[in-house]
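A.B. asks: Take the given structure of chain A and dock chain B to it, following the hints.
Protein chains in written order, with the working numbering: chain A, 21 to 556; chain B, 21 to 556.
Hint data in this document are derived by calculation from the structure and do not stem from the laboratory.
Since no wrong hints were added, every one of them can be taken at face value.
Copies of one chain are not kept apart here, so a pair can be met inside one copy or by any two copies together.
SDA-like mimics (lysine to any residue), calculated; alpha carbons at most 20 angstroms apart, straight line:
#	residue 1	residue 2
1	47	355
2	309	354
3	309	235
4	47	353
5	532	447
6	281	358
7	47	358
8	448	395
9	281	354
10	309	234
11	47	354
12	486	457
13	47	352
14	130	119
15	281	356
16	302	472
17	281	353
18	47	356
19	549	487
20	302	361
These are the residues of each chain, in order.
There are 2 protein chains.
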Amino acid sequence: MVQTAVNYTPLTPLSFLARTASVYPDKTAVVHNDTRYTYRQLQHRVNRLATALHGIGVVKGDRVAFLCPNIPPMLEAHFGVPLAGAILVGINTRLSSPEIAYIINHSGCKVLCVDAELAALIRPVRDQLTSVETVVNILDGDIGEPLDEGTDYESFLATGTDALLGSPVQDENEPISINYTSGTTGNPKGVLYTHRSGYLNAMTAALEVGMNYRSTYLWTLPMFHCNGWCFPWGVTAVAATHICLRRLEPARVFDLIEAEKVSHLCGAPVVLISLVNHPRAKTAVFPRKLHVVTAAAPPSPTIIANMEALGAEIFHVYGLTETYGPHSICAWHEEWDDLPVDERARKKARQGVPYITAGEMRVVDDNMRDVPTDAETLGEVVMRGNNVMLGYYEQPEVTAEAFRGGWFHSGDLAVMHPDGYAELRDRKKDIIISGGENISTIEVENTIYRHPDVQEVSVIAIPDEKWGEVPKAFVVPKPGTQPTEADIIQFCRDHIAHFKCPKAVEFGDLPKTSTGKVKKFALRDKEWKGLETRIN
Amino acid sequence: MVQTAVNYTPLTPLSFLARTASVYPDKTAVVHNDTRYTYRQLQHRVNRLATALHGIGVVKGDRVAFLCPNIPPMLEAHFGVPLAGAILVGINTRLSSPEIAYIINHSGCKVLCVDAELAALIRPVRDQLTSVETVVNILDGDIGEPLDEGTDYESFLATGTDALLGSPVQDENEPISINYTSGTTGNPKGVLYTHRSGYLNAMTAALEVGMNYRSTYLWTLPMFHCNGWCFPWGVTAVAATHICLRRLEPARVFDLIEAEKVSHLCGAPVVLISLVNHPRAKTAVFPRKLHVVTAAAPPSPTIIANMEALGAEIFHVYGLTETYGPHSICAWHEEWDDLPVDERARKKARQGVPYITAGEMRVVDDNMRDVPTDAETLGEVVMRGNNVMLGYYEQPEVTAEAFRGGWFHSGDLAVMHPDGYAELRDRKKDIIISGGENISTIEVENTIYRHPDVQEVSVIAIPDEKWGEVPKAFVVPKPGTQPTEADIIQFCRDHIAHFKCPKAVEFGDLPKTSTGKVKKFALRDKEWKGLETRIN
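Just chain A, with the same shape it has in the complex (with noise of 0.2 angstroms):
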């Protein structure tokens, strides 16, 4: 007996707008600003959207650009961009001209949509970028200054039809789309994602948060990154309402929260941070429970405790480009409910086990055997399953090597807790070594973040003559407060082995990347100048 069209459909997300539209046709799908549509309206445009790449000369498989914060028309490309059967290539619009024009040629991307305000990082490097035959100009108000040719975005959907088109899709492992890692040293790497794995991530994502078409979720986290947590389909599969955020300001924040009554919203945590130290924290009473999705970075028990503080229950999920975004999630148990607020967070900080449809993630060491579960011993997190990338965009050496032993590896270092619950301690290229002794970056800052008046810390190695490498924080104080290096280093002899503690302070900003990271790298870079590079 065989599958045929009566009793088999490839799963995609475009499954979820059809039935969304077809069911919710009168809901509000997205706000932006004064500007609502339904979920006829945005499938409609999305539609528009489609055919009008369509009406250009996009085929099945070409890949196009989008380059825009997370207003409207990004969300329509999660959408539109695949029912055209193209690949959707959303770009950081944090990186630099240089670093956008290596994407967009790499993935040779034929059209072009950027927001206007983005349209300064391409104009230096407009005439590399090749292979864009369109460029379509994204107007949000009179925000920025578009580039000099194309169309603008609302011109170009009126060159769509309004005749539905119907997916097409016919091999539900087709890419879907390109998310470009993001890369702290090296050239990023293209990573593929096909419609049946945005599907099922999507699906895990409203199960396991759970959002329903009562929900409202607010775009705290950028629609750029492994497409937002594939987000954007499981939103619309729950029929929830998307409120747009074109810049991540926490008053702003606030006020959306309380006046469309938000009930979930994901973010790294220094998105979580940004918003308990604002003001606005002391007097919010949010509208209804929020939901807390959080991730990218391991939050500290400290920052978890406060955001639940405010009313918000946060659902800690980890993983990679490379894994849809999260692969696993800190499930709760609820005889946790009852410990102190502290133990709570505590556990809630572990990266955990699998997403219900992302099959399975072992900590290993070098030669793929698991390591001891016993919340000590170290080893590097794999992954497979149907959670993780169908490959490098064209680069298959790349992929093998990422492949090896027939498990994904994430080059993150963790330790296996008795429960079966992974918890990180570092990137691999992190870790300090000292005296012959592995310590956790994550676990110093973690002890650091208790301290009353830190506010954001990030702990890396320096070299040292006798002990080969030795802990350094640099540390961003609360404001209004002065903290001194002597402060910190006796409050992380109160809490943890001495030689863990940090044996220098540094106080001041941290560079960042492109997606909230810290860059220890570059931290790294200045304080071993003139020094062999340090491996890993």
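C.D. replies: Below, chain B alone, put in the same frame as chain A:
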């Protein structure tokens, strides 16, 4: 770029138990009277079942029959049989011996696991079951008398091994189970379910009705019925707790809802009727919100309103054995919250729109054209997509007939509302044609349900010299009431068109099929005796 084991895993519900047993090993998986199993224990019992089946020679694709009420072995069968690579045939416990023999022989089951209380159904036909090589007797306390042959279930499990088996699924479109239709006429047909679609339907079940690890699910729906609408897999996927229920006794249901803090249950309207009309309904206080999923026959607005008055939230789903149970759901809209209770109930009595993962559902005329969305024009419900069966086991011609025109034909007649929600009017064979006008027996029944003295009602066509057919109502009065024929008819004339009102009313019990549906054909047979057989 191709899929490999790194980034592709066949979808199977087996992964749900593997994950949950790993993440929540000590959580209560199953409650049955005073017995409680954790998920680790459930996994080990399942693994022992699978390896015990291997031990007696069961190989990939073999069929294994379970004739068993909603007790732990029936749940274990949903994982253990497919984990052995075999196909589960869950048999309706209310069938007659010849019907059961037909099913076991037609599917060629090699193994029969039978509850001791149900052994009496097997004894008279045991010598006809030539494919059955092994009998396993399921003992539940001292209930019933096991067969004289074979081992008991616990001893059988003891022959299995502890080393955990991996998934035997190579192709996610392999069959996981065969569910035989209840077949009011003719032989039952064996509906093939696949691992892929069981997985997807189970995910949606959990998502649509909001189940998670805090949920407690009461087994009021038989697991033999469409694999319990895929809830054995969905409840396990989210690590909720299964509460077993050997027998559907309303007082026991109330006891368990209170004692186990039940949050979810499924059941046909007849189950809901037995609850709302029970004396306990007057004093019952649900310890937390009870989510009730109902289907199988359209629940009347009155029943919905009564259940909601008890503090339940009703989810109305619709489907057939051929669609893994639910294919559609009456997806709710927030703006309906504030409607008067009667209007809300009428909205909710509709069968609605496809499940998120279900694909498509239409209402079509004989030429496969969509009927107008006027809430009046009758057509047949047809479906296609991942939620439609693989086909009928070893009945390619019957399958082709059911799949004619590229859609599965449900045999149900419905109208389509202007908002795209389908509402069932009748089975094709039940519709009344009176003076050339169609009369929906469901519409007449729903009207009569609103009469305060009516507990249950069924309406059929009876012969009439002038009109060809006219409606007749069979009414079960509420205890302590004595409505008259004139009462009922007048009540109908006050609420619906006169030609739709019953011309006769009879009081007494209703004949039911094994799945609790009223045997309309039995009522019709009596009324039409001696007359030309009615078409349809």
